[in-house]
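Novice: This is what each chain is made of:
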Amino acid sequence: MPIVEPSLVTVKREEKLELDGIDVSGDWNTFLEPRVHTDLDLKIVDWVRSQPQGETISRCWQCGTCTAGCCMHTDYGLEEFNPRYFIYLAQIGYEEELRKYAQTIWRCVSCNKCVERCPKGVKVEEVVHTIGTYLEVSGGAPESPADRFDRAYTENLLARGVLDEAALFRTYERLEGRKTPARDLLRLGFTMLLSGRLHTGPFAHRTRGWRRMRPVLTKILEEEERARRARVEAPASRARGGSPGRAP
Amino acid sequence: MSAAPASRGPSDPVPAYYPGCSLDGLGKAYEVSCQIVLDRLGLSLDRIVDYNCCGATEVKNLSHDVSVALPARNLALARSMGRHEVVAACNGCVYSLTRANDAVGDGATRARINSHLSAGGSPTYDGEASVQHVLEYIRNRAGLDRIRGAVRRPLRGLKVAPYYGCLYTRPKRYTGVGRVPGTDDPEHPVFLDELLEACGAEVIHDYPAKTICCGGGHALSDLDVSVAFSASVMHEARRAGANVVATICPLGQINIENNLDRIRQAYGEEAILPVSYFTQLMAVALGASVRQARLKDNFSRPDLFLRERGFS
Ligand code: SF4
Ligand code: SF4
Numbered sequence: 042m043p044i045v046e047p048s049l050v051t052v053k054r055e056e057k058l059e060l061d062g063i064d065v066s067g068d069w070n071t072f073l074e075p076r077v078h079t080d081l082d083l084k085i086v087d088w089v090r091s092q093p094q095g096e097t098i099s100r101c102w103q104c105g106t107c108t109a110g111c112c113m114h115t116d117y118g119l120e121e122f123n124p125r126y127f128i129y130l131a132q133i134g135y136e137e138e139l140r141k142y143a144q145t146i147w148r149c150v151s152c153n154k155c156v157e158r159c160p161k162g163v164k165v166e167e168v169v170h171t172i173g174t175y176l177e178v179s180g181g182a183p184e185s186p187a188d189r190f191d192r193a194y195t196e197n198l199l200a201r202g203v204l205d206e207a208a209l210f211r212t213y214e215r216l217e218g219r220k221t222p223a224r225d226l227l228r229l230g231f232t233m234l235l236s237g238r239l240h241t242g243p244f245a246h247r248t249r250g251w252r253r254m255r256p257v258l259t260k261i262l263e264e265e266e267r268a269r270r271a272r273v274e275a276p277a278s279r280a281r282g283g284s285p286g287r288a289p
Numbered sequence: 003m004s005a006a007p008a009s010r011g012p013s014d015p016v017p018a019y020y021p022g023c024s025l026d027g028l029g030k031a032y033e034v035s036c037q038i039v040l041d042r043l044g045l046s047l048d049r050i051v052d053y054n055c056c057g058a059t060e061v062k063n064l065s066h067d068v069s070v071a072l073p074a075r076n077l078a079l080a081r082s083m084g085r086h087e088v089v090a091a092c093n094g095c096v097y098s099l100t101r102a103n104d105a106v107g108d109g110a111t112r113a114r115i116n117s118h119l120s121a122g123g124s125p126t127y128d129g130e131a132s133v134q135h136v137l138e139y140i141r142n143r144a145g146l147d148r149i150r151g152a153v154r155r156p157l158r159g160l161k162v163a164p165y166y167g168c169l170y171t172r173p174k175r176y177t178g179v180g181r182v183p184g185t186d187d188p189e190h191p192v193f194l195d196e197l198l199e200a201c202g203a204e205v206i207h208d209y210p211a212k213t214i215c216c217g218g219g220h221a222l223s224d225l226d227v228s229v230a231f232s233a234s235v236m237h238e239a240r241r242a243g244a245n246v247v248a249t250i251c252p253l254g255q256i257n258i259e260n261n262l263d264r265i266r267q268a269y270g271e272e273a274i275l276p277v278s279y280f281t282q283l284m285a286v287a288l289g290a291s292v293r294q295a296r297l298k299d300n301f302s303r304p305d306l307f308l309r310e311r312g313f314s
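Residue numbers (this note's numbering), protein chains in the order written: chain A, 42 to 289; chain B, 3 to 314.
Because the hints were derived from the structure by calculation, they are not lab data.
It is possible that some hints are incorrect.
[Said to hold, decoys possible] A few chain B residues that face chain A, going by a derived Cβ cut-off under 7 Å, partial list only:
#1 Cys23
#2 Ser65
#3 His66
#4 Ala121
#5 Tyr139
#6 Arg172
#7 Val192
#8 Asp195
#9 Gly219
#10 Val227
#11 Tyr269
[Unchecked claim] Below, simulated DSBU-like cross-link-like pairs (lysine-lysine); rule was C-alpha separation at most 35 Å, straight line:
#12 B:Lys30 <-> A:Lys260
#13 A:Lys220 <-> B:Lys30
#14 A:Lys220 <-> A:Lys84
[As the list claims (entries may be wrong)] Far from chain B, some chain A residues (derived; all Cβ distances over 12 Å):
#15 Glu136
#16 Asp188
#17 Glu274
Keep in mind the model is a prediction, meaning the values are calculated, not measured.
Where is the CB? At the ideal position from N, CA and C, for every residue including glycine.
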């Protein structure tokens, strides 16, 4: 995917190079219009930067290294999964275009190849997730399967301090309206049994002292969620001049 | 924001060991075989008893502070055991523990996280515990010479594809891998290659899927992706001439094996190879039986594979 949108490219043709009504000029003299951004909508990038997971977004200088090696883009071959482009759209505040990817962004598998390689220290994976969260909390984007899983996972671990994998599988499949294949559950139960340590059921292992930790963490979770929504509803900051990549 | 530390800091005679939910549950075969390897090499680790789940890669998408407080509580427990070194065997745990270290490198964040920890009745964390993968610990602490000397049954006939997965080295800004002296290469790691070779196996060094993602984080929410990735871990191994895959991460192992039927359906029987934790293979090389190394726990049945090659 090119960095500059086709609409910003002007094609100038020599009108004289026309033979028998057929244009033979070619597109050799294609120019990029020089441009300065003056009317950026900083609403999205400001919001992303306000989240600790999204802070590093303004370091991005659009080199494309993240996309080049991205597991979903390159290995899985999902061409429209383009972290560099998601960041670009967020930076210039092109919300309408960004929303087209609401059903794509959640598919990041958190392999962290992008974070490893980014020459500017952007925490790309977390930034991409934060952009996805923006689309959700600002309305419009429905909760994705990955979001539902994150929520089920978090609630599951907060209950006792450690995961109850069998319960997590069941809860999540129910959320998706699926029935876990009996074979998968059987296998899971079998492995649990073999493992010799019960992670499920009423006598399962729990972290001692968790009773005090749980309400503290649950409260933080709720507060952060509320703050995210409050911020997105606050009036947007005024646009500044300069390029979108400028550091705060 | 802090960069990864330039050194691992002080080392302990017996570092703390963070099992995490997987090693204590679904990945029991990993833990048991790990213990055998450590024993036979004269290494020991001290278990963090009242640990909690580290939050893996999921919690951070919902809450920053919870995603730092969860691993920080475990690191605080290790510090209250007087340890500076924490060893974990799951790539996901290494990721979230080192990510927490990165976060609390910032003074204001550390103060905030510590106030959460105290409110929940946990010791506070001073940010002074360094985290490493058990692969790195075994390789560096025992040394390849000691391992070669301890091998009782060289892994002859095994052509192993060393599968590291995503988060063993990545990202270096958290793990310090590639920055700290004595650590592995972040893009093309070799420690697992070295250990298996020291155990007498033939290792496929140029295995193309060495560090690809297994899709494990989306094992349930994006099935197509997790099946495609786990299939390519085995498929690429076979194409490279391997007859067994060695893993270092319970999430990868469980994800691949849980997808076996679907992979068989989509790509045929040729796509399947036995998959084993590296410590299971090492344990056998160091003299443990196939049963002791719990190779039968794995759905891809590396036990049958090893027995065919004369290992009991
Ligand atoms: S996030 Fe990093 S790697 Fe990706 S385009 Fe921006 S600077 Fe390049
Ligand atoms: S973490 Fe996500 S965005 Fe980054 S390379 Fe992996 S799949 Fe792509």
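Novice: Indicate, hint by hint, whether the structure satisfies it.
Specialist: Going through the hints against the structure:
Because the beta carbon of Cys23 of chain B sits about 4 Å from the nearest beta carbon in chain A, less than 7 Å, this interface hint is met. Residue-level restraint check for Ser65 of chain B holds (minimum Cβ-Cβ distance to chain A is 5 Å; threshold 7 Å). Here the hint on His66 of chain B is kept, as its CB sits about 4 Å from the closest CB of chain A, short of 7 Å. The beta carbon of Ala121 of chain B comes within 5 Å of a beta carbon in chain A, closer than 7 Å, and the hint placing it at the interface holds.
About 21 Å separates the beta-carbon of Tyr139 of chain B from the nearest beta-carbon of chain A, more than 7 Å, and the hint is not met. A cut of 7 Å between beta carbons decides the hint on Arg172 of chain B: the least distance to chain A is about 4 Å, and the hint holds. The criterion of a C-beta within 7 Å of any C-beta in chain A is not met by Val192 of chain B, whose closest approach is roughly 17 Å, and the hint is violated. Against a cut-off of 7 Å between C-beta atoms, the interface hint on Asp195 of chain B is violated, since the closest Cβ of chain A lies about 20 Å away.
Here the hint on Gly219 of chain B is kept, as its CB sits about 5 Å from the closest CB of chain A, short of 7 Å. A hinted interface residue such as Val227 of chain B counts as satisfied when its beta carbon comes closer than 7 Å to some beta carbon of chain A; here the least separation is about 6 Å, so the hint holds. Hint status for Tyr269 of chain B relative to chain A: violated, with the closest Cβ pair at about 15 Å, above 7 Å. For the hint pairing Lys30 of chain B with Lys260 of chain A, the CA-to-CA distance comes to about 33 Å; that is within 35 Å, so the pair holds.
With a C-alpha separation of about 27 Å, the suggested pairing of Lys220 of chain A with Lys30 of chain B holds against the 35 Å cut-off. Pair hint Lys220 of chain A plus Lys84 of chain A does not hold up; C-alpha atoms about 41 Å apart against a cutoff of 35 Å. Non-interface status of Glu136 of chain A relative to chain B is upheld: no Cβ of that chain comes within 12 Å, the nearest being about 21 Å off. With a least CB separation of 7 Å from chain B, Asp188 of chain A falls inside the 12 Å interface cut-off, contrary to its annotation.
Every C-beta of chain B lies more than 12 Å from that of Glu274 of chain A, the closest at about 19 Å, which supports listing it as non-interface.
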